[in-house]
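So the protein sequences, as listed, match chains A and B. Using my numbering, the first residue of the first sequence is number 1306, and each one after it goes up by one. Using my numbering, the first residue of the second sequence is number 3, and each one after it goes up by one.
Simulated from the structure, these hints should not be mistaken for laboratory data.
Below, a list of computed lysine-lysine pairs in the DSSO-like style, where the Cα atoms sit at most 30 Å apart: (1) A/Lys1346 x B/Lys44; (2) A/Lys1369 x A/Lys1325; (3) B/Lys58 x B/Lys69; (4) A/Lys1360 x B/Lys44; (5) B/Lys107 x A/Lys1346; (6) A/Lys1325 x A/Lys1346; (7) A/Lys1319 x A/Lys1369; (8) B/Lys44 x A/Lys1369; (9) A/Lys1319 x A/Lys1371; (10) B/Lys58 x B/Lys44; (11) B/Lys44 x A/Lys1325; (12) A/Lys1360 x A/Lys1371; (13) B/Lys107 x B/Lys44; (14) A/Lys1369 x A/Lys1346; (15) A/Lys1371 x B/Lys44; (16) B/Lys44 x A/Lys1319; (17) A/Lys1360 x A/Lys1319.
These are the residues of each chain, in order.
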Amino acid sequence: GAVVSQHPSRVICKSGTSVKIECRSLDFQATTMFWYRQFPKQSLMLMATSNEGSKATYEQGVEKDKFLINHASLTLSTLTVTSAHPEDSSFYICSARDGGSTYNSPLHFGNGTRLTVT
Amino acid sequence: QKEVEQNSGPLSVPEGAIASLNCTYSDRGSQSFFWYRQYSGKSPELIMSIYSNGDKEDGRFTAQLNKASQYVSLLIRDSQPSDSATYLCAPPDMRFGAGTRLTVKP
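Bound-form chain B, shown alone:
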């Protein structure tokens, strides 16, 4: 079974700080990764897609993909209380990692 591992949570950061979320995967064939955010009781919503090695920035979010290390991360700059949610990473086969619960404290 191809696996996705996420850094164990929960993760708590103060408002305005940088939150760092990490994910490693076992399938070397994965060509893309997706970060989703899930608020409690809701379904996931897509935050970022990343398809190539390196960084991809979208507003306060930066995704990094390192295919050689089989590692993908998500940085959230200037974290806000509204960013408090569970963050899930997924490869194209859509078998999600366990998720990392992030709490941003005012």
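Next comes chain A alone, as it looks inside the complex:
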């Protein structure tokens, strides 16, 4: 089956620093990748959608200069949280749609990254 690998699984960083999260599709080419954030006891909130080779599309209210998304290849997308603050502490999850599938196909999720900003 389609596997999405997300790294790191946990990260603790100091306030003001930047953190990069990687999302890789291991056995398929991911034309489109989705980044979500989830606070405790809340649902997944879509942050942005990225298409390989083009700029990400951010959801309303998500700061694109703070959450930098790069989707430079068909198997790798990265999310960089810049100048992180304690309120950015959350569970970040990436997902991908197989490039050979249609818009009406499900997503494959990574295992998530738990970010704690101290």
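Keeping the supplied structure of chain A fixed, place chain B upon it in accordance with the hints.
The following block gives chain B in isolation, referenced to the frame of chain A:
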């Protein structure tokens, strides 16, 4: 903003009972729906995809889609304690509903 609404939880059922989870959506153009299960602290995993009106059965799970009513549901038969999780529905644009937390009591 296209929206997905899920029946408010939490939902608690005894072991062996049927759990019914519902979802309504605003985008009439949605051609498919997906049900995901999320255990606490984990990422979502796909349970069912449904693409056409009617029922789709997979083991103890049955998804129902009614495009005219813009309604999709998930029934879990013979519920087990291991089914205790949050269930999320999503249309193709992958903007999830709030989720319904299900607890199956032994």
